[in-house]
Amino acid sequence: MKNMIRNSLRTGIVFGIITVFLFLVGFTGTAANILADLLNNESAPPLFGWAPPMLNTVIFVGLIGLWAGASGASREKDVAGDPYGAAVLGGGIAGFVQGLLTGLVMALVGTLNERGVMMSKYLAELLPAAVKQAMLGFPPPGAGAFYLLFLTAAGALGGLATRGLGRGGRRPREAIRTWAREKVEVLPWVQSLRRSPAVKYAVYGILLLGILLLPLFAGQYWNYTIGTVGIYVLLGLGLNIVVGLAGLLDLGYVAFFAIGAYAMALLTAPTPHNLMWNFWLVIPIGILLAAVTGILLGAPVLRMRGDYLAIVTLGFGEIIRILSKSDDLSDFTGGPRGVPAVAGPDFFGLNVNSGIAFVYLIFLSVLLVIFVTNRLQNSRVGRAWEAMREDETVSRAMGINTLTQKLLAFAIGAAFAGLGGALFASRNQFTGPEDFNLMVSINVVAVVIVGGMGSIPGVIAGALVLKGLPEMLRQLEDYRVMVFGALLVVMMLWRPAGLIPSSRRKMEIDKDAGLAETAEEGRGK
Amino acid sequence: MPIQKEPARRVKPYQIIQAVTGIGCAGYLLYRLYTVLIGSPTYGTETWARFMIAGLILGSVYALIAIGYTLVYGILRMINFAHGDIMMIGAFGGYFTLEAAKSIPAGGSNFSDAYPFAAVLAAFLAGVAIAALSGYFLEKIAYRPLRGAPRLVPLISAIGASIFLENAAQLLFGAQRRDYANPAVLTRGEGWTLVINGAKVILPYTGALTVILSLLLMVALYMLVMRTRLGRAMRAVSENKQVAALMGIDVDGVISQTFIISGALAGAAGVMWGLHLGLVYHFVGFIPGIKAFTAAVLGGIGSVPGAMLGGLFLGLVESLGPAVLGISFQLKDVIAFGILVLVLIFRPTGIVGEALTEEKV
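Line by line, the protein sequences are chains A and B.
All the letters of the first sequence, read from the start, carry residue numbers 1 to 525 under the working numbering.
All the letters of the second sequence, read from the start, carry residue numbers 1001 to 1361 under the working numbering.
It cannot be assumed that every hint is accurate.
Calculated lysine-lysine pairs in the DSBU-like style (CA-CA distance at most 30 Å, straight line) [said to hold, decoys possible]:
#, chain 1, residue 1, chain 2, residue 2
1, A, K132, A, K121
2, A, K121, B, K1102
3, B, K1102, A, K132
FYI, nobody ran anything at the bench for these hints, they're computed from the structure.
For clarity, every value in this text was computed on a predicted model and none was experimentally measured.
Isolated chain A, as found in the complex:
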């Protein structure tokens, strides 16, 4: 009982802080707008005296309250023979604490707002209108009290829901999973479908066909987005070799991307050098340049273990950006203004620089890179990389020349980025230093990590989720990078193998969790 209350209190505090934080960064208002789109109630008549924006705010806060209640209650299995009472109590306590924190902050902010204090000077999102919307038409103390009561009720309801949905006190997710295992997966036709390779290939085939036909029906804007996702798949697959297979954390991956892009731009554009080379000639040059840079950078640094590499590559990425931006080199790189009028590809005199054709070109490159990655991963080299990632000392004892292998991984990863960069510059018909800021590296790392290190389908899924999804939810643009950061931490805490883990990698991480302690003891460190 005491334990349960302590857990509920802790859950309540955590959720309270989250609620307050979401309010302070202005997410409550954004979420209300999104809800308005989803529920389509923008012009609905007021309910309980609330116009739709306020109503949606209440709904959003209520949803968080339900969630808080559900987590607050689901800890203890059965208390004193009355599961419902315990669940309601646990959820209610969590909701009460959450409501207390939220209500206090709301009352304080509301009062300050009414006195005419310009809080948005210090907390950017607390504009008077936003605060007024959060007050729901009550005077500030009343709004605080409302949040307290409302969240307590929502929490209790959430607690009750966990017991109501899951039969016999089980959580809903477990109940569904058990049902599927007991009732569906034993059916003979399900079994044969699961085993048959024909089904697998049919699914892949349909997916591939769908993707190939997509650019014909998508408009210009979506083709641009699809192209961007494709380029991120390229980058992700390249970094996947470096991070996912060889286990080297490269935070300056954007440097190789930039080298590919600048190679394309400087060699094909009329300014600043007026070389005007052919697109198809420059593609291999860009790839080669990136790979050579990878080797040059890697040679001194790769003898170290991971952590140094992360910082040095990070610094290198910034160096490339600073150099391309600097006035000293502007005669060579175009300086801060960048390089305009980068050439597009032509195909036997046929200019394929239209949106649709370029998307297909990107698809082709992605397929090529997937093929190469797949062959590499299952070759002697790929196995050497994975062995090295798991234990460098042992792999050296097995006769792997780790420095060569690391350099190889680094160079191949860089080459893919060079290809991606060349395509990127050519598609945008422009290249400038601001295309290559740190965020690109971070995005690519996030794509690989979220998707699943070492897994090709994972990288594709990661690029779709991280680059494609935000395009659909443009309202969330402001929060995207912050969510990336949080996502990296959360993925590491809960699912370090990624969304679609590679089978080998998953096995290793599961095993690691169990063996880590023994290994630590054995090493005496």
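Based on the hints, put chain B in the right spot on chain A.
Positioned in the frame of chain A, the structure of chain B alone reads:
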């Protein structure tokens, strides 16, 4: 007993590259030094003095941040990537305190101008407290559950935490750069005037405060690590966690305290940064964080005196470097990263580095 002949040592190609690069770099540096100082002096003594002063101040801030990297690395063998952002949080803590002090009327003007000592002290206390708290929770949320996981996992988590903190700060406080409201006596740019070569060189008050305070903090930290019970526990944990635990040391507690201490130092550095340089925004911790890491590597990561020396050295190099090499000041960040790469090539153990075992490298 016959003397065994030593087998002929094969020179590895890597060593040749190392030697060539080393001679090349050293030669170019000497040539530049000759050009700048004797050949065709571009700057007079007073300009060099200004560079030195700026470098020393910057260096002492780097040193404080670098100590945090070194402490955490020594104990957990991981780079606390979000350390620079802890400094940013500290800088914001000081900023809000000073803003509050400016707005409270006292003694004719406002609290900040009437009692500058108390206001600055409060700013430091607030910055240090909030940064220490952030360090504690950072470790508890993002690193502790990952103990024993493969090395890449906590590092990625740290990067995620860093991105999260930067962007959360941007959303909370807005993207604009803010000016620190210094008390009147500590106005930025004012200071004692020295006359060198007939030209005025200003030794800023804020700079003096920064250097003195960070030296005091460094001495205090050194005493803490070498003389106190907690320091001994920290050293024991960094030597061997299992054995330390067997000796009755609460390993998790020591790690938490390490994060609190390194956070506090970063917070102090953040407030100094704000007082001396003025501008504070959500990204302010990023570049100093990387520079301080460079400083920690330069001095030998894991070594506290090394971090101090490395920080001061890096600050000086950064402010003197562009002048010596004759390149534009836009490129001063390139120098710092270049040094990092060179250190890793020639002496990965740093200036005062202990012999690094395989495990630590």
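These are the hints, each one checked on the structure:
1. A:K132 to A:K121: Satisfied, since the Cα-Cα distance of roughly 17 Å is no more than 30 Å.
2. A:K121 to B:K1102: This hinted pair holds, its Cα atoms lying about 15 Å apart.
3. B:K1102 to A:K132: holds (28 Å)
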